[in-house]
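**Student:** Spelled out from the first residue to the last, the chains are:
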Amino acid sequence: MSGEEGLGSAGVPAVGDEDWVRGPDDARLVLIEYADFECPFCATLELRLSVLDGPAAPRGVRRVFRHFPVRSAHPRALAAACAAEAAGRQGRFWEMHSLLFSAPAQLEDPHLWERAERLGLDVDRFDADRRSEEVAARVRRDFTSGVRAGVVTTPTVFVDGHAFHGDELRALVDALLRG
Amino acid sequence: MSVIAAGETVPAFTLKGDEDRTFTEADLDGKTTVLVFYPFAFSPVCTDQFNLYEDVLDEFAAQGATLYGVSCDSVWSQRAFKEKLGVTVEQLSDFEPKGEVCRAFGVLHPGGFPQRALVIVGPDRVVKWSYLADSPGELPGANLIFDGLAA
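Protein sequence lines, in the order shown, are assigned to chains A and B. In terms of this note's numbering, the first sequence is residues 1 to 179. In terms of this note's numbering, the second sequence is residues 180 to 330.
Be aware that one or more of the hints could be misleading.
What the hints assert, rightly or not - Which chain B residues face chain A? A few, computed with CB under 7 Å, are given here: (1) 228; (2) 231; (3) 245; (4) 247; (5) 265; (6) 268; (7) 326; (8) 327.
Hints are computed from structural coordinates only; laboratory data are not their basis. Here a beta-carbon is modelled for each residue, glycine too, at the ideal position from N, C-alpha and C.
Can you make the complete structure from the sequences, with help from the hints?
**Tutor:** Encoded structure:
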């Protein structure tokens with residue numbers, strides 16, 4: 001592997017048309033989050049940051065979600081990421097994202113089908129999409145961009161190109177929630 | 180103390196690997212080796228450095244590189260660590276005399292454990308690239324190893 005196909009260092013990609021984005025265009029702060037639906041720390045982060053998406057939230061934060069499924073640590077993370085993408089193809093990415101994080105230990109196929117049904121998705125189409133090459137490539141693209149930007153652990157959040165994880169991320173979230 | 184630098188030939192060393200096999204400088208011959216030094220088996224972080232490296236092992240193999248983890252833990256601790264993480268990267272133990280190889284490679288922390296470091300050794304036992312993390316808490320990304328392999 002070499003060049004654009006390789007895994008050598010590169011800056012975190014700017015927010016693009018294919019990204020999953022929440023929050024106002026003119027936000028003063030953009031969080032680019034690399035996360036994994038089977039990671040309990042990611043679920044905790046999501047819970048803490050979810051207040052920023054509510055109607056009473058400050059308007060200044062924009063959140064971008066990128067997939068970083070680490071298969072050897074979390075055997076169902078990739079399947080969950082593909083399920084979120086497949087739901088996204090029926091316009092329900094964020095709803096599936098919330099349902100996945102609400103029960104990170106329930107990610108077997110029947111659990112995924114149940115979520116798809118609950119969201120009113122066309123389950124056959126959901127199932128075909130989540131196993132498709134296109135969806136796998138979409139997830140892989142996020143993962144690769146994370147590896148190239150130096151992501152090692154989840155969750156990792158980039159703000160203005162700087163990576164936050166662990167204690168530093170907790171401090172960042174504390175500061176954001178204080179407003 | 181600083182990590183062994185590019186262009187230096189690795190010192191003679193003996194580590195213990197899988198099934199208690201002996202791993203020496205002769206095991207580096209004829210291939211590209213990445214030695215991943217890490218402080219301790221078992222880590223409090225969610226996704227470990229080794230889990231990430233495991234997920235891109237195919238890409239390392241495509242570059243002709245073989246990875247090994249190196250710490251001062253016993254082979255038994257390393258084996259349990261590997262099983263817990265669910266990774267295949269072979270672990271090498273620098274247990275007795277403790278830290279001797281880490282010291283020879285310039286990565287032994289004064290606290291008696293390896294600093295997080297990466298050393299790429301070419302087929303001729305000459306160091307191709309090396310990296311020492313600023314602190315044990317810093318987890319070097321896989322991207323750095325790919326940069327080193329391409330250097």
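**Student:** Any hints from earlier that this structure breaks? Give me their numbers in increasing order, please.
**Tutor:** Numbers 3, 4, 6 and 8 - these are the hints that the structure violates, sorted from lowest upward.
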